[in-house]
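Using the sequences and the accompanying hints, generate a full structural model.
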Amino acid sequence: MNDFKRWIPILSRAYQQRGRDIPQPDARWQADTMRRIRQLGPLRQPTVSLELCNRFLWRFAGVAGAVACVLAIYAFSFDFHLEYEMTRVFMAAPPEFDLLRNIQIL
Amino acid sequence: MSTPCTDDARIIRQVIDGNVNAFEALVEKYQPHVFKLVRKHVPPQETEELAQEVFIRAYQGLAGYKGKTPFKGWLSGIAVRTCYDFWRKRYRSSEFAMSSLSKEQREWLERTLSDDSGQRLMEKASEEADRALLAYALDRLSPEDRMVMELVYLEGYAGKEAARILGWTVANVKVRAYRCRKKLKTIIQQLRKEGGP
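Those protein sequence lines, which keep their order, are chains A and B.
Residue numbering for the first sequence follows our numbering, starting at 1380 and increasing by one per position.
Residue numbering for the second sequence follows our numbering, starting at 573 and increasing by one per position.
A couple of the hints might just be wrong.
Below, a sample of chain B positions facing chain A; criterion: calculated Cβ distance under 8 Å [said to hold, decoys possible]:
#: 1; residue: Leu705
#: 2; residue: Tyr725
#: 3; residue: Leu756
In case anyone wonders, no lab produced these hints; they're calculated from the structure.
Nothing here was measured: the structure is a model prediction, and the numbers come from that model.
We treat Cβ as the ideally placed atom computed from N, Cα and C, and that holds for glycine.
The following block contains the structure:
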């Protein structure tokens, strides 16, 4: 009989003995376990669309603000300037402007 | 009349639907099983903490439980893997000290191993010596080999079952079981050489 075969029954016996000396979990242990589990929160949160908006929409507020600023700057730099230029051309009323108006482009 | 499995399924459904308190029924029902399982794999002073860890992991993974196997089996897998993680951490930490055998324990071992009739194996040896020997042998195996040793050779699980519990391939378990056997032989030989014992 080799050493391994001799040793296994001894180890196995000790291993099975371990399983017999179990500390009995008390109410404190169970309460503590449940306290830690409750801290994790429910597994599946109710997903109401309004709640989703509340949770996620505000995250885009910064980006939305930046986009609004860029558009405002763009509008002030180009659109109003063009309007101003158009008015100036209209006031001067060059012949080509009348032509465009006559063929109903303007 | 509802069977235990359908009871479990109903409770699990409640927990998944957000009723955290329903999980307490599972904790209460399975805590003796988990304590027994964990106690076999880890030192006694770690049992409570690790059993708690098992239930926390089970709760976190409950949404992934498909109900193909009984809940008890699924929970056992989590318990064994939690113990395996415990040993991996323990071996990495610098505080890990391997257990050693006293002079008397070594003498007892030598007498047992040199008794060709096997009579001594049948005797009710001192539990303390048995345990010391078990701790001595297991501490000298890697965490992976330790788990394979415990499940395959000491618990008597088949390779396939051990592989399912550990979440490894069957081939991996078989290779480790073979290596583990060789390592254990070496440990015994070293022990006999060292102490004389």
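We went through each hint and held it up to the structure:
no.: 1; hint: Leu705; verdict: holds (6 Å)
no.: 2; hint: Tyr725; verdict: holds (6 Å)
no.: 3; hint: Leu756; verdict: holds (6 Å)
When held up to the earlier numbered hints, the structure conflicts with none and fits them all.
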